[in-house]
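Participant: Letter by letter, the chains look like this.
Number of protein chains: 2
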Amino acid sequence: MKYVVTGGAGFVGSYLVSRLADEGHEVIVIDNFSNGSLDNLKGVDVEIRKQNIVTSKIPECDGIFHLATVPRSFSFDDPRNDIEVNCKGMINVLESARESGAKVVFTSNSGIAGSMDLHTPIDENYPDRPTTPYDADKLVCEHYCKMYHDVYDVKCANVRFATIYGYRQVVNEKINWRPLVATFLKRMKNFEKVYINGDGTQTRDLTYVRDAVQGVIKAMNSKIENASVGIISTNTETSVNEVFDILKEKTGYSIAPIFTEPLKGDLKSMKLSYNKASELYGYSPKYTPSQGIDEMVELSG
Amino acid sequence: MKYVVTGGAGFVGSYLVSRLADEGHEVIVIDNFSNGSLDNLKGVDVEIRKQNIVTSKIPECDGIFHLATVPRSFSFDDPRNDIEVNCKGMINVLESARESGAKVVFTSNSGIAGSMDLHTPIDENYPDRPTTPYDADKLVCEHYCKMYHDVYDVKCANVRFATIYGYRQVVNEKINWRPLVATFLKRMKNFEKVYINGDGTQTRDLTYVRDAVQGVIKAMNSKIENASVGIISTNTETSVNEVFDILKEKTGYSIAPIFTEPLKGDLKSMKLSYNKASELYGYSPKYTPSQGIDEMVELSG
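So the protein sequences, as listed, match chains A and B. If you read the first sequence in my numbering, its first letter stands for residue 423, the second for the next number, and so on. If you read the second sequence in my numbering, its first letter stands for residue 423, the second for the next number, and so on.
One thing to keep in mind: the hints can contain errors.
DSS-like, lysine-lysine: derived pairs with alpha carbons at most 25 Å apart [unchecked claim]: (1) A:LYS510 / B:LYS510; (2) A:LYS686 / B:LYS577; (3) A:LYS596 / A:LYS670; (4) B:LYS670 / B:LYS708; (5) A:LYS510 / B:LYS479; (6) B:LYS672 / B:LYS608; (7) B:LYS672 / B:LYS615; (8) A:LYS577 / B:LYS686; (9) A:LYS690 / A:LYS615; (10) B:LYS686 / B:LYS608; (11) B:LYS608 / A:LYS479; (12) A:LYS510 / A:LYS424; (13) B:LYS472 / B:LYS424; (14) B:LYS611 / B:LYS670; (15) B:LYS690 / B:LYS670.
Just so you know, these hints were derived from the structure itself, not from any lab.
This is chain A alone, in the form it adopts within the complex (with noise of 0.2 Å):
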């Protein structure tokens, strides 16, 4: 098959990417190497294409791997860059999808259900209350996926991301970057102290890499065209604690942690059901955290 991967440079794309190439496919990057890197996808035999999402012509192909997107942590800094690049590009994306007959996979966030504090685990149907302009434009995408398909017959299977982690994701604090996992390896690889928010007992839904580039292919090759949304999660609270015991022990790590005050708004705990992305793409994850984790570390060398 011929894929298209928006965003393919990136963390989680350069991984798809890879997968997609092994597999035998042919593959199409579209990335404006923002914040992907070409050290992504060092030794896989891609065409690259360095474009911007909301203006580029999307070559004809079977699918398009939407994945292109201005990180949540920049949203509130400029919202209208968010709506320019998240709302366009999908608009872009669903237009091309319209002329060739590709199907789209979007892959979409579980930040759309806000502070998640009704009840657990969130599944799809819980309540619309985005804290951040990237949250809410994601939501509208998937709208944006549903009268595509509706009125254009577009043909889409959507994803709602848990907190993925894995070897490449990346870490810039001094622009408050900071993915949980990553951000405790980096440091504890270069022997600095481990900053943890509060007491250390939220949780997160911790879901490997390869978890999510499984979630959006199967995604890819199931019968959903209606633009139906699943989320790719483990059902699973780990700790902050937690991770910081799993990384010490795989590390090697031995300075305490440092506490400091709760972040503003922190969410308490995370737990996501994937069993909608089960019924609908037969998702299942395959890694726990500390064998996602192990994989991790033994990456970053």
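Once you've looked at the hints, dock chain B against the given chain A.
Facilitator: Just chain B now, with coordinates in the frame of chain A:
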């Protein structure tokens, strides 16, 4: 008080501006005149700025009535422009309010509820199922308001309009812009044939423009600041046939209507509860369809 009305030269906007000026308020209109017109503000003492809502510098004021919008009818033809104007325009309004402390009243649309076929009447908790980019963009704007309140303490009180009608409502059948009452009235006054899609039993919740204006002013004057949304409607169904009969009687039109094929995707019924707007803002409609149409016919001369 000093108010800014975006889209203040448009249909609803001009009624609002006129009433605010009558009440002795200082009013500044921001309008790009893509659909608004200077004629709509004839004889009204206001400052008018011909500016684009996406980039205009909104002056300091006590309150911003944000009505400027790209119309629903165009949103599938140019979804990118809908995003540009409706989403980024909202951010511009919210960022201005964040600086000035002005309260925002945003006029959203009941079309967010989509096909409205689950139960009746529709209320604010009805599932979000927008069927056009316009409605999806109105929905995301409501979310922006909510998060700007939660994060930056921007004061917002929002409304969703049912089907608004009144004198000066634009009809342009060439571009498929045919609001029910205004289109029928225009054709009757020109002794042209009136076309009814389907059997004419489909209903609308017809809300007179002065009630819409009453609603947004009450929202502004209310204590609500947390971006709550209240529907401005009449909680009454009026069928297309009834609209025809009322207008026929008031204009003396004597030609029989022509029934055509039902419009694809046309709503079968539309009835929206204004209970929440009543509780939050003290809104209740003052005009029955017959009364509103009566004034509309009279004003149209």
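Participant: Please go over all the hints and tell whether each is borne out by the structure.
Facilitator: To see whether the hints hold, each was checked on the structure:
With a C-alpha separation of about 11 Å, the suggested pairing of A:LYS510 with B:LYS510 holds against the 25 Å cut-off. At roughly 21 Å between alpha-carbon atoms, A:LYS686 and B:LYS577 fall within 25 Å of each other, so this suggested pair holds. Straight-line distance between C-alpha atoms of A:LYS596 and A:LYS670 comes to about 24 Å, which keeps the hinted pair within the 25 Å bound. Distance check on the hinted pair: B:LYS670 and B:LYS708 sit about 23 Å apart at the alpha-carbon level, within 25 Å; holds.
Distance hint between A:LYS510 and B:LYS479 is fulfilled; the C-alpha atoms sit about 24 Å from each other, no more than 25 Å. The suggested pairing of B:LYS672 with B:LYS608 holds, with an alpha-carbon distance near 13 Å, which does not exceed 25 Å. Between B:LYS672 and B:LYS615 the CA atoms are separated by roughly 17 Å; this keeps the pair inside 25 Å, and the hint holds. With a CA separation close to 21 Å, the supplied pair A:LYS577 and B:LYS686 stays within the 25 Å bound.
Between A:LYS690 and A:LYS615, the direct Cα distance comes to roughly 23 Å. Compliance with the 25 Å bound is thereby established for this hinted pair. Proposed proximity of B:LYS686 and B:LYS608 is supported: the alpha carbons are some 24 Å apart, at most 25 Å. With a C-alpha separation of about 44 Å, the suggested pairing of B:LYS608 with A:LYS479 is violated against the 25 Å cut-off. Distance hint between A:LYS510 and A:LYS424 is fulfilled; the C-alpha atoms sit about 24 Å from each other, no more than 25 Å.
Proximity of B:LYS472 to B:LYS424 is assessed by CA-CA distance (about 18 Å); at most 25 Å being required, the pair is judged to hold. Pair hint B:LYS611 plus B:LYS670 holds up; C-alpha atoms about 10 Å apart against a cutoff of 25 Å. About 23 Å separates the Cα atoms of B:LYS690 and B:LYS670, which keeps this hinted pair within 25 Å; it holds.
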